[in-house]
Amino acid sequence: MCGATAGGPSTDGVDLTQESVVQGVVHRDGQPVAGAYVRLLDASGEFTAEVPTSATGQFRFFAAPGSWTVRTLAPKAAVVDRPVVAAKGQIADLHVAL
Amino acid sequence: MSTETRERVLVDADWVESHLDDAGVVLVEVDEDTTAYDKNHIRGAVRLDWKKDLQDPVRRDFVDKEQFEKLLSARGIGNDHTVVLYGGNNNWFAAYAYWYFKLYGHTDVRLLDGGRKKWELDSRELVPDVPERVATTYTAKDQDRSIRAFRDEVEAAIGQQNLVDVRSPDEFAGRLLAPAHLPQEQAQRKGHIPTAKNIPWSQAANDDGTFKSDDELTKLYGDAGVDFGKDTIAYCRIGERSSHTWFVIHELLGQESVKNYDGSWVEWGSLVGVPITLEEQP
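Those protein sequences? They're chains E and U, same order as listed. Per the numbering used here, the first sequence starts with residue 1, numbered consecutively. Per the numbering used here, the second sequence starts with residue 1, numbered consecutively.
Any given hint could turn out to be false.
Here are some of the chain E residues that sit facing chain U, going by a computed Cβ distance under 7 Å [said to hold, decoys possible]:
| # | residue |
| --- | --- |
| 1 | Tyr37 |
| 2 | Glu46 |
| 3 | Thr48 |
| 4 | Ala49 |
| 5 | Pro75 |
| 6 | Ala78 |
Far from chain E, some chain U residues (derived; all Cβ distances over 10 Å) [to be verified]:
| # | residue |
| --- | --- |
| 7 | Gly76 |
| 8 | Gly88 |
| 9 | Asp207 |
If you're looking for bench data, these hints aren't it; they were derived computationally from the structure. Where is the CB? At the ideal position from N, CA and C, for every residue including glycine.
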């Protein structure tokens with residue numbers, strides 16, 4: 001399974017104590033943005049994963065512990081980079097404003 | 001490689017828009033998550049599900065020649081059509097389908113540069129209407145094994161040929177087993193094939209999913225120590241990202257002896273007795 005489901009993977013049936021989750025919501029003027037592209041870049045800036053946001057503007061990654069950058073691309077918007085630290089068993093939650 | 005040569009394998013969004021009503025062109029959206037197509041797609045595009053349509057339902061292998069013929073015939077794709085593939089995930093699955101169409105000998109197949117993402121970021125038209133196409137009688141060729149590598153050949157290539165691991169550095173070094181948008185619970189071993197160079201597929205693409213220029217691509221593989229005087233095998237986790245790199249090296253850069261190891265890490269990391277390396281790239 002390698003396809004990116006909108007919003008990222010479901011947590012159903014996943015043992016979250018073993019995952020380092022990076023997730024969040026993309027907003028524009030207070031409204032969630034569906035279909036934005038959110039990329040997860042590693043500490044060296046290398047691409048690791050990408051998902052389109054869900055209908056409610058959400059995205060999620062199962063990362064590894066460490067420092068990451070979340071890069072958001074959307075139509076008619078500048079690219080937004082947000083640093084984030086992931087830790088095992090924890091959920092890092094971001095709010096990205098375009 | 002000249003611009004003209006690039007156009008024979010890669011078209012941009014403007015080209016697609018100007019050929020939307022061209023009866024000789026069939027647009028095909030390829031994804032695993034087919035809900036994207038259900039919602040909307042480029043006008044006139046038909047759908048291929050890389051797993052349901054292109055994989056054998058029981059064994060881990062492709063559909064055979066007859067099944068491929070039946071599939072394309074039912075989709076209304078003929079041998080003389082120009083097939084333009086596009087999809088999500090930066091064209092991973094579209095590139096996989098491209099390689100697959102080449103495997104079965106389709107003459108004129110091309111990728112939409114940037115795929116669905118670039119199309120969406122440009123705010124171009126997407127429609128929900130599913131086209132009705134007249135069925136054809138498609139004739140496939142026998143698989144072209146000169147572009148497909150199997151495990152024994154990969155083992156023999158260690159230290160001899162270019163092995164290009166196109167996964168992310170974290171997967172290469174064994175910190176992750178899969179791309180980070182997927183759960184990581186899997187049983188096989190982590191790491192990479194000894195002597196493989198880690199050149200992530202993403203380094204061949206821009207943020208919007210379009211391919212980098214030929215000059216940038218030549219520099220990318222040259223700087224990473226890939227010697228095009230040797231044969232090359234690309235692999236990833238299940239063979240779709242390495243199709244993207246196979247497309248770059250074989251189709252855009254015109255290197256002749258390039259194979260995609262579609263068994264990839266899911267096979268290698270589960271084989272008994274084969275060597276595995278965990279070290280980071282020096």
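Verification of the supplied hints:
At its closest, the beta carbon of Tyr37/E sits 6 Å from a beta carbon of chain U; the interface hint therefore holds under the 7 Å criterion. Taken as an interface hint, Glu46/E checks out: its beta carbon lies about 5 Å from the nearest beta carbon of chain U, inside 7 Å. Checking Thr48/E against chain U by beta carbon gives a least distance of about 5 Å; that is within 7 Å, so the hint holds. With its C-beta approaching chain U no nearer than about 4 Å, Ala49/E sits inside the 7 Å limit, and its interface hint holds.
Nearest Cβ of chain U to the Cβ of Pro75/E: about 5 Å, under the 7 Å cut. The hint holds. Nearest Cβ of chain U to the Cβ of Ala78/E: about 12 Å, over the 7 Å cut. The hint is violated. Against chain E, the non-interface label of Gly76/U holds: every CB pair exceeds 10 Å, the least being about 24 Å. Distance check on Gly88/U: its Cβ comes as close as 6 Å (rounded) to a Cβ of chain E, failing to clear the 10 Å threshold; non-interface status is violated.
Remark: the non-interface label on Asp207/U conflicts with the geometry, its nearest Cβ contact in chain E lying 6 Å away (cut-off 10 Å).
The structure shown violates the earlier hints numbered 6, 8, 9.
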